[in-house]
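Start from chain A and add chain B with the ligands according to the hints.
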Amino acid sequence: MPFEWILALRFLREGRMQTALIMAGTTVGVAVIIFITSLMNGLQASLATRTLSTQAHITVRAPDEAPTPVLARTGDSAVLAHLEPRVQRLRSIDQWAGVDRALALLPHVVDVSPIATGSGFAFRGNASKSIALMGVIPERYARIVRIADKLTAGQFRIAPGEALVGIELAKDLGAAVGDRIRIVSSESREDVFRISGIFDLGVKDLNRRWVIMPLRSAQSLLDLSGGVTHLDLTVDDIFLAEAVASRITSQTGLTAESWMAINTQLLTAFKNQTMTTRTVRLFLVLIVALGIASVLVVSVVQKQREIGILRAMGASPRRIMKVFLIQGGVVGGSGALLGSGLATLMVYGASFALRQDDGSPLISGRIETSYYLTAAAVALLTGLLAAVAPARRAAKMDPVEAIRYG
Amino acid sequence: MADILRLEAVSKSYNVGTPIEVEVLHAIDLALSAGEFAALIGPSGSGKSTLLHLIGLLERPTAGRMLIAGQEIDALDEARMTELRGRTLGFVFQFHHLLPEFTALENVMMPTLIEAGRYSRAMRERGKWLLGKVGLGDALDKKPSALSGGMQQRVAIARALAMNPPLVLADEPTGNLDSHTADDVFALLREFNREEGSAFLIVTHDPRLAARCDRRVELMDGRILTNAV
Ligand SMILES: Nc1ncnc2c1ncn2[C@@H]1O[C@H](COP(=O)(O)OP(=O)(O)OP(=O)(O)O)[C@@H](O)[C@H]1O
Ligand SMILES: [Mg+2]
Chain A
1 MPFEWILALR FLREGRMQTA LIMAGTTVGV AVIIFITSLM NGLQASLATR TLSTQAHITV
61 RAPDEAPTPV LARTGDSAVL AHLEPRVQRL RSIDQWAGVD RALALLPHVV DVSPIATGSG
121 FAFRGNASKS IALMGVIPER YARIVRIADK LTAGQFRIAP GEALVGIELA KDLGAAVGDR
181 IRIVSSESRE DVFRISGIFD LGVKDLNRRW VIMPLRSAQS LLDLSGGVTH LDLTVDDIFL
241 AEAVASRITS QTGLTAESWM AINTQLLTAF KNQTMTTRTV RLFLVLIVAL GIASVLVVSV
301 VQKQREIGIL RAMGASPRRI MKVFLIQGGV VGGSGALLGS GLATLMVYGA SFALRQDDGS
361 PLISGRIETS YYLTAAAVAL LTGLLAAVAP ARRAAKMDPV EAIRYG
Chain B
1 MADILRLEAV SKSYNVGTPI EVEVLHAIDL ALSAGEFAAL IGPSGSGKST LLHLIGLLER
61 PTAGRMLIAG QEIDALDEAR MTELRGRTLG FVFQFHHLLP EFTALENVMM PTLIEAGRYS
121 RAMRERGKWL LGKVGLGDAL DKKPSALSGG MQQRVAIARA LAMNPPLVLA DEPTGNLDSH
181 TADDVFALLR EFNREEGSAF LIVTHDPRLA ARCDRRVELM DGRILTNAV
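Residue numbers (the numbering used here), protein chains in the order written: chain A, 1 to 406; chain B, 1 to 229.
No lab work stands behind these hints, which were simulated from the structure alone. From a predicted model like this one, the values you see are computed outputs, not experimental measurements. Built from N, CA and C at the ideal position, the CB exists for glycine as well. Hints are supplied without guarantee of correctness; some may be wrong.
Stated by the list, open to error - Selected chain B positions facing chain A (in silico; Cβ < 10 Å):
| # | residue |
| --- | --- |
| 1 | His-53 |
| 2 | Phe-91 |
| 3 | Ala-116 |
| 4 | Gly-117 |
| 5 | Asp-206 |
Unchecked claim - Per the computed footprint, the stretches of chain A lying under chain B, defined by three or more beta-carbons under 8 Å from a beta-carbon of chain B, are:
| # | segment |
| --- | --- |
| 6 | 2 to 8 |
| 7 | 295 to 309 |
| 8 | 392 to 403 |
Just chain A, same shape as in the assembly (with noise of 0.2 Å):
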């Protein structure tokens, strides 16, 4: 071993209490930041993960129909009156087959699922109810989708003449599996189904009115012919969604909305939390920083006059200036590494201490290992820097007048 490690190792083993009060300060630090992190990104990626399990992470649709000028005329000018949004038809995407291949490739996408949706009314007996027809191709659509998790009541199956409805419109109809309702489109087209299924997804809105049924029965109601109006899609990192939704919006020119977009509130509140965070971090990497550089200015002073006589045995003042800084990066690297420790196991604990309403745990008890690793580059940087004030002092210290007046 190196005379400067040798020096700085038993520094700092004799410094005990300083340095036991160091590391396990810098561990609790490290600690902290990791598991802060960990449970931050845990809570927003099952927050996330729950509010996407009904809905698609992006979707594709046809652009919006420009807005047609009003004119009216007085006299010989013409003035622009009024822009009137025009009323958004339903309007299928243009060689969907196409652009639902084309997708498929696009990288981070996982899968596509083609559905044509519209409104129109479910009757049964003397009860309507307004509702929105979804149709799919089922096995596409449950990768999208997890209905068949989601179901109370019946199958998840859509064979032609069959559908799929939400727990509140079967309890509104007065229907149960097996029953059949009338739906009338928008298109004012109608068809029978038989239920096949009743699902819950968990928010009361798609409960009501969503009704699932093949997509060939939906596009002959909503007077389709063969087109769709979206095109659902996954991707394998839901935080790449709006990046993933830009590129297919310039690349196609078709308007695509990502989860991000549409969850605007969800979005703020983890950037908040996410800001919230990062602050906190920040102030522990100072405190700790803080804590590393004191002590070691302590030593410093301390260690003024073997400093004196370590320089007049021929250390240099540059070597001396190592001593101190491996010190610094020791306590940072060595808290890195406990603080991993630590926080492996304070996160595993709070999986089990933290507990959605259904009982599974709230956070996964894994942390990244890019976690770790930021950690522990932030922990050795922290120690090393906290140690260049203290390291220069004592390279600049007189030796003389250490030796003079110790």
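Frame of chain A; chain B with the ligands shown alone:
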């Protein structure tokens, strides 16, 4: 014999260029041959320690020429001076200045460790041998705090000799010891001088000890008074 040390008109002033500028050493001429055993004596404040610090390359002279082991000091930068100091000079101070975190043996090996960068077997052997010579063969692994003042000073002497330096500088090495212990420590210095051939320049207030040196250099008010051999 060749001079291990040569000073020509060396002066040292403090606070140069300020109203409190003071010249502590005035045009000192001094030469020390290899293997010489000299005492540096003089009243308090006469500049003994200052002279030792100059020779020890811990401070630079304000004027004059200084050669150590044939090396012109003026020509050396800080790094080369540090290197020369480590190789050529051994120090023994009044307050022994051992490193409290290290054992006696580790303290003795420290100058060699600084020079070589890492421990070696030879270093350890020499350290043990030196500590054996100063009568501390069974205190190798003791920390300084577990040793008496006299024992600590003997460790410091062993340390000063670790690199087998051609010149050992000692500033009142017995100043803190009772007269019996002081005699022992002094005898040790003498013994190393004879056996290892290092030259010694020893600051002392004790006329008895000064009388036992080959030569006495007397300082008075920053000037050399006698250079008696
Ligand atoms: N850094 C300094 N600035 C100003 N004056 C100094 C400085 N260092 C030493 N002196 C002065 O130089 C003179 C010589 O001091 P020095 O310590 O060399 O004397 P000494 O002979 O070793 O004395 P003692 O026997 O008490 O140890 C003293 O008057 C002291 O006050
Ligand atoms: Mg003195």
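Results of checking the hints against the structure:
1. His-53: 5 Å, holds
2. Phe-91: 5 Å, holds
3. Ala-116: 8 Å, holds
4. Gly-117: 5 Å, holds
5. Asp-206: 20 Å, violated
6. 2 to 8: holds (count 3)
7. 295 to 309: holds (count 4)
8. 392 to 403: holds (count 3)
Of the numbered hints stated above, the single one contradicted by the structure is hint 5.
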